[in-house]
Structure formats: C-alpha cells, structure tokens
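Chains as they are written, first to last, in the numbering used here: chain A, 2 to 162; chain B, -18 to 773.
Don't take every hint at face value.
What the hints assert, rightly or not - Taking lysine-lysine and the DSS-like style, the derived pairs with C-alpha atoms no more than 30 Å apart in a straight line are:
no.: 1; chain 1: B; residue 1: Lys765; chain 2: B; residue 2: Lys375
no.: 2; chain 1: B; residue 1: Lys650; chain 2: A; residue 2: Lys94
no.: 3; chain 1: B; residue 1: Lys375; chain 2: A; residue 2: Lys94
no.: 4; chain 1: A; residue 1: Lys159; chain 2: B; residue 2: Lys705
The hints are simulated quantities; they were obtained by calculation from the structure and are not laboratory data.
It should be emphasised that the depicted structure is a prediction, and the values quoted were computed from it without experimental measurement.
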Amino acid sequence: MAVPVSLTVNGRPVRIEVEPRTLLVEALRRDLNLTGTHVGCDTSQCGACVVHVNGRSVKSCTLLAVQAEGARVTTIEGLGSPDKLHALQAAFKRHHGLQCGYCTPGMIMSAADLLARNPRPTEHEVREGLEGNICRCTGYHNIVAAILSAAAELRGEKAHV
Amino acid sequence: MSEPVVGQRIERTEDLRFITGHGRYTDDVRRQGMLFAAIVRSTTPHARLAKIETTAARAVPGVVAVLTGADLAADKIGGLPCGWAVVNEDGSPMREPPHMALVQDRVRYVGDHVALVVAESRNAARDGAERVEVSYQELPVVVDPKAALAPGAPLLHEQAPGNLCTNWAIGDKAATEQAFKQAAHVVKLDLINNRLVANAIEPRSCIGEYDASTGEYTLTTASQNPHVIRLLVGAFVMGIPEHKFRVVAHDVGGGFGSKIYPYAEDVLVLWAARKLGRPVKWTADRSEAFLSDAQGRDHQTHAELALDANGKFLGLRVQTLANMGAYLSTFGPAVPTYLHGTLLAGCYTTPAIYCNVKCVFTNTTPVDAYRGAGRPEATYVIERIVDEAARALKIDPAEIRRRNFIRPEQFPYQTPVALQYDTGNYQATLDAGLKLAEYAGFAARRAESAKRGKLRGIGLAHYIEACGVAPSAIAGALGARAGLYEVATVRVNPTGSVTVLTGSHSHGQGHETTFAQLTADALGIPMASVEVVHGDTARIPFGMGTYGSRSLAVGGTALANALTKIVNKGRKIAAHLLEASEADIQFKDGRFLVAGTDRAKAFGEIALSAYVPHHYPIETLEPGLEETAYYDPKNFTFPAGLHVAEVEIDPETGVVELLAMTAADDFGKIVNPMIVDGQVHGGFAQGVGQALLENCVYDSSGQLLTGSFLDYCMPRAADLPSFKVTTECTPCTHNVLGVKGCGEAGAIGAPAAVMNAVMNALAPEGVKQLDMPATPHRVWSALKAARAARAA
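Here chain A stands alone, though its shape is the one from the complex:
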C-alpha cells in the first residue's frame, strides 16, 4: 500500500506516494530522479548516500522516506549547479578530490555539514570528520586538501592552492 510523503527537495515542494518500506535514498533516486545521491553499501558505512535533512547531514539509506515527512532535503543537485558551483564542489575539482566520482556527492554533502559545524577544521579534524564516508579511489589526500581549501574560501580567506 502506497502512502503519501510531502517534502521540500532542493527548495521545491514535492509530494510522492511510496511503499512504507521505501528508503529516502530510493525515493530520491526513483521517484524524484535525483540520481546524484548514490548507494554504495547496505550497512550505513560508505556515506555515498549522504544528503542534508533540515540542514544536517544524514545517510539517506538509513531513513525511511516517510520519516522525512515535511522535511527540507538538500541533495548534491541542490548544493550548487554547473553554472554556480558551491565552494566545495569547485575545490574538489581544483584539488583533484575525485576520481570515479561515485562517492563524491556524499563526500561533498558530508564536508558541507562538517564545515557548517566547524568552519576552521584542522587536517586531523577533517580526516576524523570523514569517518562515515569511504572513498576507494583517491586515498583521501586530495579530498582533505579540497575541504581545507574550501573552508578557507568560505571563511573569506584566500583559498590556498
């Protein structure tokens, strides 16, 4: 039996009907065609599915769509656009913080939350802060550099290259 769910996704109100067991990530990908949010595991370990729910980062594979009723959801598609990149998106590109790109949306969404809570993180804090996100390609070196660079930029300092 399908149940209705109302959400605000990337600033736009949406209403969908889903099976009660539908995960938020499934609803985003299947019902709203927002395929930038990925699924990389089934144990809430990899973080490829991270989105923001009411401003905080959430693994959208651990939340039922119905639990997000009424919530504001931001996905990677809503963080920035090709014409107007978010500072983190630009920094990931500038610092080669991605290779295959699959973990990248979740990584960027987690990083955005990290910087919102801690605008001036150390390298160590960035690494600890990424505990919930797995990247198999980059060895994290350039991801960390990208996040530190974006942090500086968001603080209004000159991004260090």
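Since the structure of chain A is provided, determine the placement of chain B on it from the hints.
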C-alpha cells in the same frame, strides 16, 4: 595556437558532472517497461541441489518469472569462458571446469548463482528471491589451498583431479639449485598474501535489452572493457554476433580489476530480457558484491634467497599456492603465473630464478586480477625477503638494494624470467625517495619514539611492474586468448572540433582529460574543442579496455598514431590549397604552412576543406578527416620506484600508526602530473589497506566472515597520512609518448614497504615474521610471543 597542455596539471573535464550529481552510472539508467532481477544465491559453500521450489516465489505480487539452471541449459546458454590458457610445467593444459551463469546440479561457494527472479520492482524481485526454497545435500568443504591439494580432500570439479587447476613453473631450476649450492647465505621466508575484496564503491549493475524488431541486444553494464564483454558474452556465452550486440559502460564508479570480467549477471539480464521481451536491470547490493565480485591475491608462498658473502643475490626460489576460488574467472590463472612469476627478478640482477605455482580450486568466491594483479604479490615476496637478507647480513636495506640493482647501462636487460626491461634508473628513484622520506634522519626519529615507549620502523620497497599489457604475440604465446592492442579513432568534425573515440575506458582515471590533452597539443587546438568518447561498442570501432595500467601506454599511443595520420592527411590537403609540394608543408602551432614562407592554412580551414571539398585533391584523396589507429605494443612497459613507509607502534596495544608514505616513481613521461599523483595516492591507500586493515576471511565451513563494511576494514581518511610523492623519468623506449603507466604502482610497492616498516620496528623486539594485515591483535600477540620466547 593554445599553450601546450601535455605535462601540465590540468583540472579534469569530467569532474563537472560528478561534482554536481549528474554522473550517469548504470543504476541511474532507466528504461520504459523495465523489470528488476534478483539472484537467489547459494547459502552453503558446497552441495548438490536436491530441489528448487519456485511456486511460492511465483505467487509474490509483481514477480514475472523465476528461472533456474535447467531453463538456462534448455536455452543453450554457454558457460563463462576463461581468457587465459595456462600451460603446466609438463606441457599439458590447465584444467578448466565449466562455469555456468546459473548452477546446474551443484553449488560450489556461498554466493553461487542458483536462480533468477524477475519482477516489476526491485523489492518484488527480492521478495520473490526470498521465497525460492532450495534443498541442498551438503558436501564436504575445503577453503584452504593446501588442504585442497591433500589426498582425500573434497573434490570441487571432476574435471580437475586433486583440485589442481595448473602446476606451472618458470625459470631455470638446475641453475637455481646450483646458485644455492654456492651461496654464502640463504634466507628463507614463508608469506601469506592476504585475500582482498576490490570494493569499488559503485556496486556492479547491468541492464539487458532485446529489440525484437532488429534482433539487437544491448547490455549496459559497469565494465572496464565493454568490447571484451561483447566478445566474451556474445561469442562464447550467448551466441550473439557482434553486429547484433551493443555493450555500453557509461560512468563506472571504480573498478580496480573487479569490473574487467563478464559476470553471470551480465548473461542473466540479457537472457531474461530476450525471454520476457522487456529490459531487465540487476544491481548488486554490497553484500552481493562481497560474495560475488571476483576477489584478489590469496597466495601462500615459500621463498628462498641465496646470497654471496657481500650480499649479492645469487638465486631466488619461490613456491606459491594460489587460490582460484570455485571457478576460473577471466584472468584467474594468469595472475599468479604470468603476471607474478615473470616479475620475480624485481629491480635486481639475480642471475638464477625458479618459481613454481600451483593454482588450486576451493569452495570460495573466484579470485582474479585486483589492482596490480600478480605484481604486488611478486613485489611482496622480493622486497620482504630482501629486507630479511639485509637484517641477516647486517646491511642497510637501502645499501643491499643498491648493490643488486640493474644499473642504467645494463638496459635493455634480459631477466631470467622471460621479461626484457627496456629502460630504468633505479638508483635515481632510490635516491629521490630516500631524500623525500628523510631516511637519513630516521635514527633520530626512532630514538625520539623510543623515549615515549614507542617502536618506530621504516620500510623500503623498490618495486617494478610490467604494464602496458600487452604485445599480442607475446601474450598469445603465454596463453592469452585475445589480442591486447588498443584502438583510437580521431574524427575531425567539419568546423574543426574533434571527437576522439577510444577503446580504453575511464572509471576514474581521467581519460576525458588526458586524452584531450594529447589531442589538443597534437592538433594545436584548445582542449574545449575535443570530446573523448569511451565505453560504447556502438560508437567506438573496437578496443580492449582498461586494466594493467595500459590506457596511456597502449590506448594513448594508439591515439597518438591516429593523430599523426590526421596531420599527415591534413598536410596533403594543405599542399593542394597552398599550391605547394607536400614535402614543403610543415604543421606547427595548429597551422599548416609552407616552409620558409608566411603562407599557411589554419587547422580549422583544413577540416572544413575535407568536408566541403570544392578545392580539393579529389582525384587522389578521399574527402573527410577521420583516422583510426590500432596499436599493438612492442614490449611491456616497466614503471619502477621506491615506496617508503614509516610507522610507530604502541607495544601496549599493538596499534600501528602510519606516520608517512613516500613515493619516488618512474612512470616515464607524464601527461598530467595532478592525475598521476592522484593515482599514486589511491594505490597507496589500497596498498596500506592490504598491509594494515583489509582481510577477506572464510571460516573452515566455507562461510564468508567479512561480508560487509562492518567486518571488512576499508581504509578511511583517519587511517592514512598525507602522502609525499615525486617522480623521476626514464622515457619508455618503445612507444612514441615515452609513457609507462601509473595506475597500479601505489598498490604494488606499498604493502611491502609498510610491512618492512612494521618488521623494522618489531625485529629488535625479537619478532621473526608477521603476515598482513598487521592488525593490533596480530602485532600485540607477536610482541607477546617474542617476549615470552626471550624470557624462556
């Protein structure tokens, strides 16, 4: 004319879609009327199938079909082929048991494919799969290769007596025996190269389609080499000719080897799509990936090194048992033989080498190439035993390597294990790496750690790898069942933009950028005018795909050759337009000009003339400007370099903290240093993962204990330091770009470097040997045992 871009740190073209969520991975693709498949997998490692009861599954709302091995056989679907025929030491062929996409009467590992459920939704397919009742008659199980070879061991395949796939050898056995007789010192070491799971973050996914109006099949799949999938699945399994079979691999979320091979699921979605007349998608969840993606490594090795009194290597003897798993995956038996035994000279002049490898079937997931594929295993054996020798002879680890290096003036160098290295300068990478790692200051750092009660260690590994696979004739002589050239087409469009079609495939390596850099410089046009297309057999003439660090060395060279053909044809057109002799036309900075004059035609003008041939040498030259090159390499390429690890161990907890990882690599010439650095970083993470964290474990009953990210320890950001990397350059001598390949290097040297660092820290405490991964429990236990032995 644009500024030259080859050699520059150019930001990646492909990134924009990935950072904004607009990548197109297979599971993102949807088709009208698409069905979803779920696989019923064996829950037991070895059993006869007594009965498959499907009635309840068929009754689940939304389930459209439940198909079993009997249906598959009735439709005459063939088995998954092995791509490499290894020859035994006695000249007989390897044993090659059948490998059907759905089992016929027997399962051989947990995860084996029992039935296919197809339904209107993903959830309905999974609900249906849960309702399929399989009755198993359990058989005895064997998971360890040594046990599998023992008399009376449970037999997996009647076609492979004693569970032996191949008993292979390379090198001069008698000469090696003689070397050991003359040795002043012999060092022996038993090593386990732990089984790994590739774990690309995108799980495998595929969509099968059949168009009844044309008789064409389309497979959209997360693959590193769509043309190879088309060849193997089309010709050997499904009986679909190439012209009726399109394979598409859009964006692929990492591969590391695990997405080279045709898998049962590729076959099943095509078969089901044809049977049911609707597209069928299957996407693995992570649990299925752990069970069914081909795994890596899993060697047990006994190695012996003979040395003279001065620490010169005289001979190397290696005995390896390699676990193939339950069936042969595409390259399975090639990895521990031709990709491992042939690398055992390393960077050294060891004159006599003999290596024997037995590949063995067990009740585990099939094993195949994983980043490095055979070369990390070879490097691990050599570099660990070299360090053991240094310790035994009390020679500095850097010095013993230096004494045994092949010197620059010795190239080309013929090793005793088949390969001929074209070029290298190992002294240069050693020196650069030692400097960057501040090797000279290590003693002081160790003393400082000791003050805090910590054990500090430094470890070197000077690896070599054979990349750019491969010269087809050599590969064929070694049993490869395919050619290993690469293909590129350069299509200059009428208004001067360029489409590059490459048979290489990028699943993170950045071809859309590096191949565009090559094209931009060769034609003198901006990168923005170049589009690189890969991953579609309908658009790209042919190709062998991406593995073995071959994209740039083989695919890039094919592209360079196609670009040369374009320039040569452009020169003919320009000669006509400029009323000059072709011999007088120079191509420079994007312009064709008559030598010694200012008369010139821009590249765009030549392109337009080729498609609007009003003033054109039409009698002697076809219109159009599109060229294709097939490039078959003359030799492998031989990247090499030094990896240095520095660790600090807490003896109270056994925790190994990785303080620094340093690389000094020789990849030949470099197109994009930013991308090369990134490849080394990623390889490092996987190599460190193998050494300290990752381990794929089966219990003795054949159940996989490490079947999720909760149990299989993937490297995370806080497990790793920032890396220090640098490069030296001896250009490859046999491709026009002078490039060698860099994709696997990090994963090849790092495991040995880290373990040498761990042993460097632990040996003074009396620890004799430690296998990967050096987990806190293992390290703590080893220290405890060593201390107890001392006290006794």
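Each hint, compared with the structure:
Proposed proximity of Lys765 of chain B and Lys375 of chain B is supported: the alpha carbons are some 25 Å apart, at most 30 Å. Note on Lys650 of chain B and Lys94 of chain A: the hinted pairing holds, with a Cα-Cα distance of about 24 Å set against a maximum of 30 Å. For the given pair, Lys375 of chain B sits about 48 Å from Lys94 of chain A by alpha-carbon distance, which is inconsistent with the 30 Å threshold. Taken as a hint, the Lys159 of chain A and Lys705 of chain B pair is honoured in the structure, with Cα atoms around 24 Å apart against an allowance of 30 Å.
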